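Colleague: Given only the sequences and the hints, what does the whole structure look like? Please build it.
For the protein sequence lines, the chains are E and Z, in the order given.
So the number in the numbering used here is just where the residue sits in the first sequence, counting from 1, plus 6.
So the number in the numbering used here is just where the residue sits in the second sequence, counting from 1, plus 52.
Any given hint could turn out to be false.
[Claimed, not checked] In silico SDA-like links for lysine to any residue, alpha-carbon gap of 25 Å or less: (1) K89/Z - Q61/Z; (2) K77/E - R28/E; (3) K53/Z - N76/Z; (4) K89/Z - G46/E; (5) K17/E - G93/Z; (6) K63/E - N54/Z; (7) K89/Z - T130/Z; (8) K53/Z - Q47/E; (9) K63/E - V79/Z; (10) K89/Z - D30/E; (11) K69/Z - S105/Z; (12) K89/Z - R37/E; (13) K89/Z - E34/E; (14) K69/Z - F104/Z; (15) K77/E - I152/Z; (16) K53/Z - E109/E; (17) K109/Z - T78/Z; (18) K123/Z - R94/Z; (19) K123/Z - N54/Z; (20) K53/Z - R28/E; (21) K53/Z - S64/E; (22) K109/Z - I152/Z; (23) K89/Z - K77/E.
Simulated from the structure, these hints should not be mistaken for laboratory data.
Note that the coordinates shown come from a computational prediction; the quantities given were computed from them, not determined experimentally.
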Amino acid sequence: DTGVSQNPRHKITKRGQNVTFRCDPISEHNRLYWYRQTLGQGPEFLTYFQNEAQLEKSRLLSDRFSAERPKGSFSTLEIQRTEQGDSAMYLCASSLLAGGLYEQYFGPGTRLTVT
Amino acid sequence: KNQVEQSPQSLIILEGKNCTLQCNYTVSPFSNLRWYKQDTGRGPVSLTIMTFSENTKSNGRYTATLDADTKQSSLHITASQLSDSASYICVVRIEGGSYIPTFGRGTSLIVHP
Chain E
7 DTGVSQNPRH KITKRGQNVT FRCDPISEHN RLYWYRQTLG QGPEFLTYFQ NEAQLEKSRL
67 LSDRFSAERP KGSFSTLEIQ RTEQGDSAMY LCASSLLAGG LYEQYFGPGT RLTVT
Chain Z
53 KNQVEQSPQS LIILEGKNCT LQCNYTVSPF SNLRWYKQDT GRGPVSLTIM TFSENTKSNG
113 RYTATLDADT KQSSLHITAS QLSDSASYIC VVRIEGGSYI PTFGRGTSLI VHP
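Modeller: Here's what the structure looks like:
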């Protein structure tokens with residue numbers, strides 16, 4: 007499968023615990039995006055990388071959230087001291103700039119439930 | 053503020069019927085507009101992309117239209133199938149500047165047999 011993959015697919019954690027999600031983009035894609043999606047809403051942008059550089063972060067990304075893409079390939083999103091409001095689907099997408107009409111290919115998401 | 057509004061919020065139709073979903077946007081300057089289909093528990097999948105100069109584009113039973121003057125787009129689904137049950141999300145991107153697209157909340161479509 008050459009699509010975007012995310013692990014784990016589901017994560018249940020207790021409030022206050024730290025969690026880390028992984029995203030493996032399509033191999034030749036240099037851009038990688040993280041989104042958060044709650045039930046009945048569209049995805050909300052969190053942050054994006056071009057290669058290993060984190061170029062933009064949303065104000066939604068509080069100090070408890072950190073994302074890395076150390077070698078410009080896979081990325082991790084860590085949430086520290088999780089809160090119940092962090093429960094959501096976390097989507098990763100990747101793209102390859104091609105004349106500005108680049109398409110973002112989404113992974114299946116990681117469903118986080120904070121109890 | 054750049055916004056994308058979709059209507060209706062939800063829609064229930066019978067299998068075989070047609071339907072039209074609407075997307076209004078205030079994003080400027082406009083670059084392109086995409087319609088995504090998102091099955092429950094899955095990531096969105098692109099159906100069509102439209103640029104400023106395109107009025108209509110088809111992908112099988114899906115036909116998207118764009119009126120850049122009124123900043124409106126529609127997605128028409130012909131001869132609906134049970135597998136069309138999903139959320140349909142309109143996404144608009146601006147020209148230049150931030151590469152971050154603006155997502156609508158989506159229309160939840162349920163197709164009943």
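Colleague: Please go over all the hints and tell whether each is borne out by the structure.
Modeller: Tested hints:
1. With a CA separation close to 14 Å, the supplied pair K89/Z and Q61/Z stays within the 25 Å bound.
2. At roughly 13 Å between alpha-carbon atoms, K77/E and R28/E fall within 25 Å of each other, so this suggested pair holds.
3. The straight-line distance between the Cα atoms of K53/Z and N76/Z is roughly 14 Å, inside the 25 Å bound, and the hint therefore holds.
4. With a C-alpha separation of about 14 Å, the suggested pairing of K89/Z with G46/E holds against the 25 Å cut-off.
5. Only pairs whose Cα atoms come within 25 Å are accepted, and K17/E paired with G93/Z is accepted, the gap being roughly 14 Å.
6. Our distance criterion of 25 Å between C-alpha atoms is met by K63/E and N54/Z, whose separation comes to about 17 Å.
7. Simply put, K89/Z and T130/Z have alpha-carbon atoms about 15 Å apart, close enough for the 25 Å limit, and the pair holds.
8. The straight-line distance between the Cα atoms of K53/Z and Q47/E is roughly 18 Å, inside the 25 Å bound, and the hint therefore holds.
9. A hinted pair counts as satisfied when its Cα atoms are at most 25 Å apart, and K63/E with V79/Z qualifies at roughly 20 Å.
10. Pair hint K89/Z plus D30/E holds up; C-alpha atoms about 22 Å apart against a cutoff of 25 Å.
11. Our distance criterion of 25 Å between C-alpha atoms is broken by K69/Z and S105/Z, whose separation comes to about 30 Å.
12. For the hint pairing K89/Z with R37/E, the CA-to-CA distance comes to about 21 Å; that is within 25 Å, so the pair holds.
13. Restraint check for K89/Z and E34/E: the C-alpha separation of about 24 Å stays at or below 25 Å, so the hint holds.
14. Straight-line distance between C-alpha atoms of K69/Z and F104/Z comes to about 30 Å, which puts the hinted pair past the 25 Å bound.
15. Simply put, K77/E and I152/Z have alpha-carbon atoms about 22 Å apart, close enough for the 25 Å limit, and the pair holds.
16. Among the hinted pairs, K53/Z with E109/E is consistent with the structure: their alpha-carbon atoms are about 23 Å apart, no more than 25 Å.
17. The hinted pair formed by K109/Z and T78/Z meets the criterion: a straight-line CA distance of about 21 Å does not exceed 25 Å.
18. Distance check on the hinted pair: K123/Z and R94/Z sit about 29 Å apart at the alpha-carbon level, beyond 25 Å; violated.
19. Annotation: proposed proximity of K123/Z to N54/Z holds, straight-line Cα distance about 12 Å (limit 25 Å).
20. Taking the CA atoms of K53/Z and R28/E, the gap is about 32 Å. The hint is violated against a cut of 25 Å.
21. For the proposed pair K53/Z and S64/E, the alpha carbon gap of about 15 Å is at most 25 Å, so the pair holds.
22. Taken as a hint, the K109/Z and I152/Z pair is honoured in the structure, with Cα atoms around 23 Å apart against an allowance of 25 Å.
23. At roughly 31 Å between alpha-carbon atoms, K89/Z and K77/E are farther apart than 25 Å, so this suggested pair is violated.
Going through the hint list in order, the structure does not satisfy hints 11, 14, 18, 20, 23.
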